[in-house]
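Protein sequence lines, in the order shown, are assigned to chains A and B. If you want this note's numbering, it's the 1-based position in the first sequence plus 750. If you want this note's numbering, it's the 1-based position in the second sequence plus 7.
Check the hints yourself; a few may be wrong.
The calculated DMTMM-like cross-link candidates involving lysine to aspartate or glutamate, where the alpha carbons are at most 25 angstroms apart (straight line), are [what the hints assert, rightly or not]:
no., chain 1, residue 1, chain 2, residue 2
1, B, K197, A, E1021
2, A, K765, A, E804
3, B, K275, A, E861
Which stretches of chain A does chain B cover? Using the computed rule of at least three CB atoms under 8 angstroms from a CB of chain B, they are [unchecked claim]:
no., segment
4, 828–838
5, 843–857
The calculated label-pair distances, taken between Cβ atoms and stated as ranges, are [what the hints assert, rightly or not]:
no., chain 1, residue 1, chain 2, residue 2, range
6, A, A853, B, V128, 34 to 44 angstroms
7, B, R191, A, D959, 25 to 35 angstroms
8, B, L60, A, G882, 29 to 39 angstroms
9, B, R143, A, V766, 47 to 57 angstroms
10, A, G882, B, I28, 34 to 44 angstroms
11, B, L60, A, E878, 31 to 41 angstroms
12, A, V766, B, A233, 58 to 68 angstroms
13, A, G882, B, W34, 40 to 50 angstroms
The set of hints was computed from the structure by calculation and includes no laboratory data. Beta carbons: idealized from backbone N, C-alpha and C, even for Gly.
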Amino acid sequence: MAEVRLEKLVKSYGKVGVVHGIDLTIAHNEFVVLVGPSGCGKSTTLRMIAGLEEISGGTISIGDRVVNDLAPRERNISMVFQNYALYPHMTVKENLGFSLKIAKQDTATIEKRVAEAAEILGLTPLLERTPGELSGGQRQRVAMGRAIVRHPDVFLFDEPLSNLDAKLRGQMRVEIKKLHQKVKTTIVYVTHDQVEAMTLADRIVIMKDGHIEQVGTPAEVFEQPKNTFVASFIGSPPMNLLDATVSTDAGRKVAKLSDGVTLALPAAAAEKVKDGQAVTVGFRAEAFSPVGYGLYGDNEVATVKRTIILPEPLGTETLLYTELGGKEVQGKMLNPRFVKPGEQMTFHLDLSRLHVFDRASGKSVLV
Amino acid sequence: MERSWQRWLIRFGVFIVMAIICVPGLWIVMTAFRDNVEVMARPPVWIPERWTLDNFRAILGLSDSQQGIPVIRYFMNSVIISVTSTVLAVLIGMMGGYAFARYRFKGKNVAFLWLMLSRTVPGISLSLPVFMIWSRVGLIDTDFGVILVYLALNIPFTIWLIDGFFRQIPLSLSEAAQVDGCTRWQAFWKIEFPLAKSGIASAGIFAFLTSWNEFALASQLTRTTASKTLPVGLMDFTAQFTVDWTGMCAMAVIIIVPALILTFIVQKHLIAGLTFGGVKG
């Protein structure tokens, strides 16, 4: 069992705090992704788990051991670095077998485990090459191979795909996912790319300024963001967020946008707000589509007529930039037809998919 | 495209520059093998008419005509002093360079600056103070005294050079090794040291050549065969009114050859080192 538990974890450099008391439990064999903008403390947290960074406060345990004062080599973890950190003077085979050699395993075991890892990652034909003779994707695989030969309790990935081009990144993402299915192990993965987070994670941990903003499954953080930060960070394009004021109209709570458009609030949110409350309403592009080009079912919608500022065709859908509540917003057109800038279109906004945040705190009114 | 006359012009320029650099050296080598008579001849005899090993026999004391000079003794002194000071300078340079490259500590920048500033002081200006101190503590005319001075000359340089090489090596390599099960010490010897090897070799050869060729300080601090080095030994060929040029040149060849051989041996590393070549993750 390799559960990873962070309790009140703190990191500071002198007076500058980087991580401010994080609590997080990562279950055995769970794939957890730490995501957030740069400087949010996600890499520092990972490096503290690895033992490469001293812990300023709190505890980290792996399995049932508190590892605070253990050196990296005593933690039975392995790590894939952003720049791969392959040993340039060793062949792929030597790179893969290095940790086993250090652990004084016998040659037969090393050969066997290296061959195993090479097989899983398709590195067998490359074993005699040096890292300098490999492409970016191959180096990435060697780095992962080096991590899996050890059969560690926990895998740590520090932005492993950020040095690859977009296409390769997509491929490697799939490989990492497959790897986790083959080699069941606890994984902690750090990235600033929310797409990676959404596609890979069992659970996502969204961090900002050294705090955890929200922990949840990809669906949870996408559907029920706890605050405006999570709402705007997760999902592409980011959620549209508009300032509004709550009032009551014909017995229903509505949010009035700065340009006078009123949106009836979903029942759950309506219960939590007062008249006159300053709120931020949010909706994703897919909840805001031209009539006939969206998926609403029988949901209640608000109808507005808008001028298209810019269409952005993406093939199966087109992003439409227009204006609502005094701000630029994005809508989505499914199975699109050709749209010209300046064209007038009637949009439906799916009110059941409206998110309401308290403007002062930025928190969802449902929390 | 370069025109051919341009190419020839460049070649000619290179030839002139190389000639200026090489001719004195060649002259020394040729003089070492020529007759004493030819040395002073006017007009000069460029290529020796008769090549002879007499000069080497003479200084090694193998001929009857002339008393030998303790070349072997000087050679041994030179080897002991140069090798010891080089090995120590490289070891300390490695530790210092690694510390400067990898650790954060108070006063690091100031310390580094002072090390570099020490290089700006001309060595010869230290000769008198060093001589006075050494004579008080009894280090004059000892190998140890010279080694100590050469260490002081070489260490700032080796630290600076090796620091640069360790900086080239991504920190994550050492971290990866530690995650892979190494202690920091193992990570250093198994990963960082092999990668910085060319830099360390460069530092070594520079330190060695400095010690091997140094004359000014050694001429002050050594007195007898107990510690005189080869360059200082060259002065044995000057008498009150005469200079034994052929003998001096023969000894100069003995000084040059080991340095040349060593340089050739580590040449590969030196080139890789001086171009700060390819450490890539």
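Whether chain B covers the segment 828–838 of chain A (at least 3 residues having a Cβ closer than 8 angstroms to its Cβ atoms): Holds: 10 residues of the segment 828–838 of chain A have a Cβ under 8 angstroms from chain B.
query: CB of L60 (chain B) to CB of G882 (chain A), is that within 29 to 39 angstroms?
result: Violated, since L60 (chain B) and G882 (chain A) (Cβ atoms, about 50 angstroms apart) do not stay within the stated range.
message: Given the hint of 25 to 35 angstroms, is the C-beta distance from R191 (chain B) to D959 (chain A) inside that range or not?
response: 32 angstroms, holds
query: Is the straight-line distance between the alpha-carbon of K765 (chain A) and that of E804 (chain A) 25 angstroms or less?
result: 15 angstroms, holds
query: At the C-beta level, are L60 (chain B) and E878 (chain A) separated by a distance inside 31 to 41 angstroms?
result: 52 angstroms, violated
- prompt: Given the hint that K275 (chain B) pairs with E861 (chain A), does the C-alpha gap stay at or below 25 angstroms?
  reply: 33 angstroms, violated
message: Given a hint of 34 to 44 angstroms, does the C-beta separation of A853 (chain A) and V128 (chain B) actually sit inside it?
response: 50 angstroms, violated
- prompt: Counting residues of the segment 843–857 of chain A with a beta carbon closer than 8 angstroms to any beta carbon of chain B, are there 3 or more?
  reply: Three-residue rule met by the segment 843–857 of chain A, so holds; n is 4.
task: Please test the hint of 34 to 44 angstroms on the beta carbon pair from G882 (chain A) and I28 (chain B).
output: For I28 (chain B) against G882 (chain A), whose Cβ atoms are near 36 angstroms apart, the range 34 to 44 angstroms holds.
- prompt: So the hint says 47 to 57 angstroms: do the beta-carbon atoms of R143 (chain B) and V766 (chain A) match that?
  reply: For V766 (chain A) against R143 (chain B), whose Cβ atoms are near 51 angstroms apart, the range 47 to 57 angstroms holds.
query: Between K197 (chain B) and E1021 (chain A), is the straight-line Cα distance small enough, at 25 angstroms or below?
result: Violated - the C-alpha atoms of E1021 (chain A) and K197 (chain B) are around 65 angstroms apart, more than 25 angstroms.
- request: Given the range 40 to 50 angstroms, decide if the beta-carbon distance of G882 (chain A) to W34 (chain B) lies inside it.
  value: 45 angstroms, holds
Figure legend: structure checked against the earlier numbered hints; hints not met, in rising order: 1, 3, 6, 8, 11.
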